[in-house]
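**Q** Protein chains in written order, with numbering that gives the first Met the number 0: chain B, 0 to 192; chain S, 0 to 192.
You can take every hint at face value.
Any copy, or any two copies together, can satisfy a pair, since identical chains are not distinguished.
As a list, the in silico DSSO-like pairs of lysine-lysine whose alpha-carbon atoms are at most 30 Å apart:
#1 K92 x K160
#2 K60 x K160
#3 K160 x K6
#4 K60 x K6
No lab work stands behind these hints: they were computed from the structure.
Number of protein chains: 2
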Amino acid sequence: MSIQRIKGREIEGRIAGLYRAGMEDFVTEAVEMLDLDFDGIAGDVHGGPTRRTGGREPWYKRGTEIRNERQLSLLAIDELQATAEVLGIPEVKPEWIGGNVLVEGIPNFTHLPPRTLLFFESGLTLKVDGDNHPCRAAGRGIVRHVEGREDIARGFVSAAKNRRGIVAWVEKPGRVTVGDGFRAQIPEQWIYP
Amino acid sequence: MSIQRIKGREIEGRIAGLYRAGMEDFVTEAVEMLDLDFDGIAGDVHGGPTRRTGGREPWYKRGTEIRNERQLSLLAIDELQATAEVLGIPEVKPEWIGGNVLVEGIPNFTHLPPRTLLFFESGLTLKVDGDNHPCRAAGRGIVRHVEGREDIARGFVSAAKNRRGIVAWVEKPGRVTVGDGFRAQIPEQWIYP
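Construct all of the structure, not just a fragment, from the sequences and the given hints.
**A** Shown next, in the form of structure tokens:
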């Protein structure tokens with residue numbers, strides 16, 4: 000068998016911001032710390048051991064209960080800034096598009112592969128499901144804050160392509176605080192032939 | 000950004016065998032069908048929403064409770080046969096090494112990437128955590144059935160390298176029966192730069 004396997008490695012990053020939602024809306028607000036258990040963020044619209052499917056899973060009837068691999072949305076400072084530049088606006092705030100964790104220090108953050116583990120100083124571990132895909136609902140979250148730019152609802156989908164961050168779930172509970180460091184443990188990779 | 004992304008695709012396979020363990024041992028026995036819920040196989044040693052860590056996770060203290068991404072062990076007929084040939088024995092039975100699902104029809108089965116979805120005819124969906132790593136405990140499971148070959152406990156680790164199947168969890172509950180077909184939906188892939 001000639002499948003080339005690329006060794007794993009570790010990269011260090013830092014938490015630049017933390018945010019949480021309520022139960023009504025995906026929009027988040029800034030907080031100083033988050034307590035995460037196996038359900039994700041308690042009382043958050045994206046928390047829980049299972050979730051209901053939507054347009055992202057066209058192979059299921061809408062509303063199907065599946066195991067929740069999207070407890071948390073993680074975003075990178077440099078990728079948000081690149082998205083804002085493409086849209087021609089000063090900034091895209093993590094809160095506007097439902098981010099929970101804003102990170103810095105990991106290049107090509109959205110490309111962290113599935114199965115990557117994120118170990119935080121506190122003992123929390125997040126496991127990466129994979130890259131998140133930009134949708135118009137998130138684009139509309141930006142439109143609310145940028146006057147006269149209704150085009151962003153649709154424009155966000157292409158502007159944020161391959162830079163909309165990742166989704167993850169809690170592998171091991173713990174508390175995180177803004178400023179905490181973490182290690183991304185990238186697994187061995189290969190391309191299925 | 001110049002990260003090459005390889006398109007996803009679908010491959011069809013078939014269930015050639017089903018097996019379950021009790022609560023005492025990882026060794027499994029053949030069954031005709033399995034009912035799987037969000038905890039995996041009810042009453043199976045590897046079931047449950049969380050599990051305790053062991054030697055596979057040297058970054059945790061042994062016995063740490065983490066989310067269970069290893070509810071099921073899936074094996075491929077051709078890979079088991081290749082392992083048996085390297086060991087110089089007639090066969091390696093799935094039961095001996097704790098397999099739960101034996102599949103056929105998916106080439107390079109162990110290389111199905113993390114985040115692959117397996118859709119079964121019944122409505123069950125399994126989500127692939129990734130490749131399983133051969134260990135001496137599984138090797139000892141083979142030794143019990145092959146007289147005078149204590150060397151296999153250690154030899155299995157290299158003989159089964161990159162062909163020890165995958166581990167997965169239940170994304171959507173359902174029942175499976177021997178002979179059922181399934182589709183492997185392989186996601187877009189890339190190598191983190």
